[in-house]
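Q: Sequence:
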Amino acid sequence: MENEKELKVQEIPETQVEPTEELNSENLASQEETTKSDISEWDASEPVLDEPVVAKAEVSEGFVSEPVIAEPVIAASEPLDSKVEEKTSEQSAYADIPQNRSLENQDEIKTKWNWGAFALTMWFGIANRAYLGLLILLTLVPWVGWIFGIVWMIVFGFNGEKWALENRDNKYRDEEEFRKVMDGWNRAGFVAFIIGIVLFVIAILILIFVLVFAFNSYNNFDNSYRNFGNY
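For what it's worth, the numbering used here labels the leading residue of the sequence shown as 1, then goes sequentially.
There may be inaccurate statements among the hints.
If you anchor each label on the Cβ, the simulated ranges turn out as follows [stated by the list, open to error]:
1) Leu134 to Asp222: 48 to 58 Å
2) Asn223 to Leu134: 48 to 58 Å
3) Gly184 to Ala214: 36 to 46 Å
4) Asp169 to Tyr218: 54 to 64 Å
5) Lys180 to Tyr218: 52 to 62 Å
With a straight-line cut-off of 20 Å between C-alpha atoms, the simulated PhoX-like cross-links for lysine-lysine are [unchecked claim]:
6) Lys162 to Lys112
7) Lys171 to Lys110
8) Lys162 to Lys180
9) Lys110 to Lys180
10) Lys180 to Lys112
Keep in mind the hints are simulated off the structure, nothing from the lab.
A quick note: this is a predicted structure, and the numbers were derived from the prediction, not measured.
For every residue, glycine included, the Cβ atom is placed at its ideal position computed from N, Cα and C.
Using the sequences provided together with the hints, build the complete structure.
A: Here it is as structure tokens:
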């Protein structure tokens, strides 16, 4: 009896192991078939690549392009911003300083006689901020004013351009602009001087005519009075 029990015990695991092994073999076979079918389907659907390295190149390009593009933009933006800030700071620092190149190079600009300063002394002084020309108003002083007026017109004719150039309120960019302004006054002053000479000559002629007429009238009156006394 004991021998039969041992045989039965030994027979039970053998009968239990056999189906598991068969199932495992069947599962492996089915998995192999599915993998083979999947591989065949993938081969049929996907085209065969002649150069499989292209896929690796795309991955490498995508990986490399991100830092290459991002880093130079960040690095380049910093100096540009600093340069812009420096320029704006310089402009704001020198914004209140008038840019007058003629004042820096005024020794190089040659001044000369100006007919406008001579003949239009007061107007030249006001327009060009050479306010010493207003001293011409002293000609209104009785008796000696006209003597000072003539002398001052000559002095201002020689120094009018110089005094106008020395005034920092006058904004002359260069010598060409200064000469253009002064030449305009020079022509206007010369015309005014000619007109003044003509008017002065006419006034002298009128005065001479009046004096001659008055003298003749006086002589005629005196002669007629004497003739009347003889009677």
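Q: Taking the hints in turn, state whether each one holds.
A: Tested hints:
At about 50 Å, the beta-carbon gap between Leu134 and Asp222 stays in the expected band of 48 to 58 Å. Checked against the given bound of 48 to 58 Å, the beta carbons of Asn223 and Leu134, roughly 53 Å apart, stay inside it. The supplied range of 36 to 46 Å is met by Gly184 and Ala214, whose beta-carbon atoms lie about 44 Å from each other. Between Asp169 and Tyr218 the CB atoms are about 59 Å apart, so this pair conforms to the stated range of 54 to 64 Å.
Here the CB-CB span from Lys180 to Tyr218 is close to 57 Å, well matched to the stated 52 to 62 Å. With a CA separation close to 8 Å, the supplied pair Lys162 and Lys112 stays within the 20 Å bound. Under the criterion of a C-alpha separation no larger than 20 Å, the hint pairing Lys171 with Lys110 is consistent with the structure, at around 17 Å. For the hint linking Lys162 to Lys180, the alpha-carbon distance of about 15 Å falls within 20 Å, and the restraint holds.
For the suggested pair Lys110 and Lys180, the alpha carbons sit about 13 Å apart, so the restraint of at most 20 Å is met. Note on Lys180 and Lys112: the hinted pairing holds, with a Cα-Cα distance of about 13 Å set against a maximum of 20 Å.
The structure fails none of the hints (numbered hints given earlier).
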